[in-house]
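> Spelled out, the chains give:
4 protein chains.
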Amino acid sequence: MSAPLFEPRDPAFEPRVRASFGRQSAMATLGAKLQRVEAGRVEIELPFAEHITQQHGFVHGGVVSAVLDSACGYAASSLMPAEAGVLTIEFKVNLLAPAQGRRFRVVGEVVKPGRTITVSEGRAWSVDDEGREKLVASMVATMMVVTGRDGIQH
Amino acid sequence: MSAPLFEPRDPAFEPRVRASFGRQSAMATLGAKLQRVEAGRVEIELPFAEHITQQHGFVHGGVVSAVLDSACGYAASSLMPAEAGVLTIEFKVNLLAPAQGRRFRVVGEVVKPGRTITVSEGRAWSVDDEGREKLVASMVATMMVVTGRDGIQH
Amino acid sequence: MSAPLFEPRDPAFEPRVRASFGRQSAMATLGAKLQRVEAGRVEIELPFAEHITQQHGFVHGGVVSAVLDSACGYAASSLMPAEAGVLTIEFKVNLLAPAQGRRFRVVGEVVKPGRTITVSEGRAWSVDDEGREKLVASMVATMMVVTGRDGIQH
Amino acid sequence: MSAPLFEPRDPAFEPRVRASFGRQSAMATLGAKLQRVEAGRVEIELPFAEHITQQHGFVHGGVVSAVLDSACGYAASSLMPAEAGVLTIEFKVNLLAPAQGRRFRVVGEVVKPGRTITVSEGRAWSVDDEGREKLVASMVATMMVVTGRDGIQH
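Residue numbers (the working numbering), protein chains in the order written: chain F, 119 to 272; chain W, 119 to 272; chain Y, 119 to 272; chain R, 119 to 272.
Isolated chain F (complex conformation) (with noise of 0.2 Å):
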């Protein structure tokens, strides 16, 4: 998953993917943190925390599967024109492997920029003690671009 390049519509996608992000209660209740906003890729840390956990004491897939849609919504948020909004339509995850280790490192690309449709990829990574990383976690995500819909957008 090697980043593409490609060139923003709007000059000022981070602030304005920052703002928007900082408005996702969900994010802030599971943990989760922004950390580098490129166009067309987007990075977020979840640490481990224990009200996030499911019945093995392992990170819920659901948790890292919301994070990665956040991920990956907002990869491709930072490729649209400062006025649309993004809705996910529909994601497809797979659980590689039991989401154990100290935080996650989760990483979402966009892989086809459309007018209408945007599809990106995610991937989160278990990083441990020694900073070691293993692959838990992928997506595929389908976005809609909304344009003139009250409430909708950013």
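Treat the hints as calculated values from the structure; they're not laboratory data. Treat the hints with care, since some could be wrong.
Stated by the list, open to error - Partial selection, computed: residues in chain Y whose CB lies under 10 Å from chain R: (1) Pro129; (2) Pro133; (3) Ala137; (4) Gln172; (5) His178; (6) Ser183; (7) Ala200; (8) Ala202; (9) Leu205; (10) Glu208.
Stated by the list, open to error - Pair by pair, the computed Cβ-Cβ distance ranges are: (11) W:Ala130 to R:Gly140: 48 to 54 Å; (12) Y:Asp247 to R:Lys151: 48 to 54 Å; (13) F:Asp247 to R:Gly266: 38 to 44 Å; (14) W:Pro126 to F:Ala215: 26 to 32 Å; (15) Y:Ala146 to R:Arg154: 53 to 59 Å; (16) F:Arg250 to W:Arg141: 35 to 41 Å; (17) W:Ala137 to Y:Glu248: 40 to 46 Å.
Where a beta carbon is used, it is the ideal one built from N, C-alpha and C, also for glycine.
Following the hints, complete the assembly by docking chains W, Y and R onto the known chain F.
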């Protein structure tokens, strides 16, 4: 999605599923409450709450997906032997409408039970103040049965 | 999967769908035959044949998927205005059992019709010599409506 | 999608994969030709042909998917013990652009090999008369290893 009839291998599946759900801290964090538990079918309620929203004030699609994942997983688990564990290996969700409403009714049902692989389908409906329901998301999830692996049970 | 009732926007949807299916050389190559065409629901028959098998002598899962894709796409198309085109933007298929049998009954149904995006679900059953059916595959497919693009119609 | 390096468990994986592909009548029917076979990576060529088109004259998305499924499955199979069989349990495909072109280059690669479950990713590019490539489809596929089941081998 009319529930097929399944014969549970563990007659005590209901308390087992309820105890396991009770250990999913992530579900408590999101506010999800386990409702009915039948053989091959599980229903969860998710009340609307500000701490699980995305930037437009709807419930985050990834949060709806996480609850659907639990519903699909426990539907599969209800048909398993007492000592088996169930891991979601992948799922796909379609977000059909914005997750607005007073609360959400989330149902997971087994489509195809198997010795190693079980496939479940999920549906999430928003429910408004008058009790009217609207389909907001659908899921297909593939679960693997795990036996004899330490730490992966129930 | 009980068919919801939909109101077609094009009263002449059935001959339009049948004519378009007739132009899908791929379906003729595979031996697929269009059966019932209703508003939001399409049924296709695929007879077992040696030229569509994989290495174990079952029908190739990708072939079953291709027929499911056509069934899901035409279910969506049946609800569209006469001049609109429908493109599959993504689908996900679960292959639930080996595709053995005398023939296969493949059904696509619209779950959520929309102005831009329509979601359909498909099911494929094998049918044996005594007419007994067994579910062998399920699909979820996302279709986009395309209007005013040369060469993409019906 | 840079190929990770895998150590094959069966040193004779290449002739085994080629022989099995040769028994897939469906691939011969579609005109697909096996090209490179490496440990964890398989490449197939699909020439454009009228008998595999849909109603607009592009190659049917389901046909592209069927070839991607074979590429992903044989990528998984290349890493298996000689006596194991591989079954696709599910796949998801995104059709990113109309499948137009002189021919198509279809690649499947293993992302996560496993004892029971292996996950592969696929890409399909159209190739025009000048050799220029364009990404037209991507796949994620989940495969299950099957051993000791009569009739399911290689």
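> Each hint: holds or not?
Hint by hint, here is what the structure shows:
no., hint, verdict
1, Pro129, "violated (21 Å)"
2, Pro133, "violated (14 Å)"
3, Ala137, "holds (9 Å)"
4, Gln172, "holds (5 Å)"
5, His178, "holds (4 Å)"
6, Ser183, "holds (6 Å)"
7, Ala200, "violated (15 Å)"
8, Ala202, "violated (13 Å)"
9, Leu205, "holds (7 Å)"
10, Glu208, "holds (4 Å)"
11, W:Ala130 to R:Gly140: 48 to 54 Å, "holds (51 Å)"
12, Y:Asp247 to R:Lys151: 48 to 54 Å, "violated (36 Å)"
13, F:Asp247 to R:Gly266: 38 to 44 Å, "holds (41 Å)"
14, W:Pro126 to F:Ala215: 26 to 32 Å, "holds (29 Å)"
15, Y:Ala146 to R:Arg154: 53 to 59 Å, "violated (32 Å)"
16, F:Arg250 to W:Arg141: 35 to 41 Å, "violated (28 Å)"
17, W:Ala137 to Y:Glu248: 40 to 46 Å, "holds (44 Å)"
When each numbered hint is compared with the structure, violations occur for hints 1, 2, 7, 8, 12, 15 and 16.
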